[in-house]
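Enquirer: Protein chains in written order, with the numbering used here: chain A, 1 to 286; chain B, 1 to 329.
No lab work stands behind these hints: they were computed from the structure.
Just so you know, not all the hints are guaranteed correct.
[As the list claims (entries may be wrong)] Result set (DSS-like, lysine-lysine): computed pairs, CA atoms no more than 30 Å apart in a straight line:
hint, chain 1, residue 1, chain 2, residue 2
1, A, Lys282, B, Lys131
2, B, Lys152, B, Lys162
3, A, Lys282, B, Lys162
4, B, Lys131, B, Lys152
5, B, Lys162, B, Lys131
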Amino acid sequence: MSAVDAMLAPARPQRAVSTRFMRSELSMVFRRRRNQVVLAVLALVPLLIAIAVKVSSPHDNNGGPQFFNHITQNGIFVAFAALTAVLTFFLPLAVSVVAGDAVAGESHQGTLRYLLTVPVTRTRLLAVKYAGVVAFAFAATATVAVVGVAIGLILFPGDTVTLLSGTSVSLTNALGRLVLVVLYITASMAAFAAIGLFVSTLVEAPVAAIAATAGVAIASQILDNVPQLHAVGPYLLSHWWTSFGDLLRTPMETGGVVHGLVVTLVYVVFFCSLAWARFAEKDVSS
Amino acid sequence: MTTTATRGSDTGTGHQAGPVSLAVQSSGLTKRFRGGQVAVDHVDLNVPQGAVYGFLGPNGSGKTTTIRVLLALIGATAGTHRLFGQPMPAAAATVLPRVGSLVEGPAFHLHLSGAANLARLDAADRTADPKTARRRIDGALDQVGLGAAAGKRVRAYSLGMKQRLGIAAALLQPRDLLVLDEPTNGLDPQGTREVRTLVSRLAEDGATVLVSSHLLSEVEQMCTHVGVMHIGKLLWQGSIDDLRSQQSARAHVQTVAPTNAVDVLERLGLTAVTRNGGDVSAELIDQAPEDVCAALVDAGVPVRRFVVDAPTLEDVFVSLTGEGFDVSG
Ligand SMILES: Nc1ncnc2c1ncn2[C@@H]1O[C@H](COP(=O)(O)OP(=O)(O)O)[C@@H](O)[C@H]1O
Ligand SMILES: [Mg+2]
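In isolation and in its complexed conformation, chain A is listed as follows (with noise of 0.2 Å):
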């Protein structure tokens, strides 16, 4: 072929590291609108428990969900008991619509071969994709947190915080523990991202990825609650989500966490295999 070869003109040199293909592809999701509403969405949940917790008189705050009764002790508990509450189903279905269209909505576009045609190999566009997908699984969580923390230091006292346990620890150590939730939460919504993910290659229509990702949560919850499923429990993702509360403890009670943590690299791993597997080999006619 050395004829062939000859004729060649020298290709331009690639650039070993540029960043520039994952920074515009964190514009394009943090610049949608619909990611845009979904995130003010997930911030009003903070703000509703901060305000109905407020104007309710103090005795109907026993009994509630877990972290409602220590609201009215400190402000930081609204953050707690915010980020439970999302856990269960608006968390995951923000994950699920931007992990659905990752791939389903370039494709449904076909701005997927024009990116394909630059080229971006697939294994990099996958990359890209699942770390703009955890990024936004990231700010949702985040964005609880902080609106939580915000709105319940406004409302409520913020001095020293009983922990789960019953032991006081300062604000500054309470916020640290909060860090800590976010990121184990992030992890585990990226686990459950790396499913998305997946089905994204899957289905052809963004809407269908979306909700095909969304009703796995769901479904992962409810066998989670099938009282004869128990031994599958778990085996499952959304089983150790609310494990979070362990680390509110002292000492911090790690057990659980580290069990979800296990888990979530097991998902992770897994389904970004059948993901990389799957548009490898797909065929792009779109």
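Following the hints, put chain B with the ligands in place on chain A, whose structure we already have.
Expert: Just chain B with the ligands, lined up with the frame of chain A:
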């Protein structure tokens, strides 16, 4: 060894004499879709470097599918292909930066402006220099006449403007090969002319252009080479001049004695003699038109009108496919 350069002769289709470097070369390229339909059927493409290769065929003949396989968007069911001698899809990451493409019309994020869409594609290109991005994007938009609409959302673009933006995307970098799938779709006559000018300018600058079209006239006007697709098969390829010479000229006779005229033409050895009322026509093989005319008059045929038509590409296409070229289809 340039095995690729001589492959044309193996296939029996038109080919270049001598070793010519091929920008695009495929052998036995086949794509069968899951439904069982064979959209591309053993296609042996040979696109010489520097050619403007018209990939001609009616809608549904498999042009877009072939192009998708060439660019590694879809996998071939059978066969192999190379771009600039490099095996695809293995060499996609190194070869494709030199290839600008427009496949099956434009597709962009509607909520972003034209310039922002190009910026996203440029950001995805690891060979692109971010420092020159702005200049290259503006340059590409200017080349297709979209400079004024650069900041407008694509949602507000007309079909023709989107098509221009698709072409601009292919021009973000200097390219050695442009693959343009029906680039004039949706363009007005002015836009079509501009695309033609653009294609010849790119070719003058040394790029190879593979341009698909379902319009014979378009290929005739802008291409040096042509490949004729029909129901997934590449029926013929080679230079436009070679294609024309495939088909002989046709003599048309108007007379009140058509039966006699038919006799004379057949006796002279003309082929494909047809008669329609007082109009008789036949294909000239090697007979000189003036000899045919003289023979008719000698035989007492009262000739009212005698015309010899140079073959059009349409005639050639009809003779290749046995069917009319469905221009509107
Ligand atoms: N993704 C697909 N799945 C099944 N059949 C397809 C697909 N894409 C194209 N085809 C079929 O393949 C044939 C060739 O289509 P195409 O390559 O788009 O033709 P052209 O570009 O020449 O108009 C058509 O009959 C079309 O219906
Ligand atoms: Mg087509």
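Enquirer: All hints, please: hold or fail.
Expert: Hints, one by one, checked against the model:
1. A:Lys282 <-> B:Lys131: 34 Å, violated
2. B:Lys152 <-> B:Lys162: 11 Å, holds
3. A:Lys282 <-> B:Lys162: Satisfied, since the Cα-Cα distance of roughly 26 Å is no more than 30 Å.
4. B:Lys131 <-> B:Lys152: Distance ~23 Å between Lys131 of chain B and Lys152 of chain B Cα, so the pair holds.
5. B:Lys162 <-> B:Lys131: Answer holds: Lys162 of chain B to Lys131 of chain B is near 26 Å, not above 30 Å.
The structure is inconsistent with hint 1 alone, although it conforms to all the rest.
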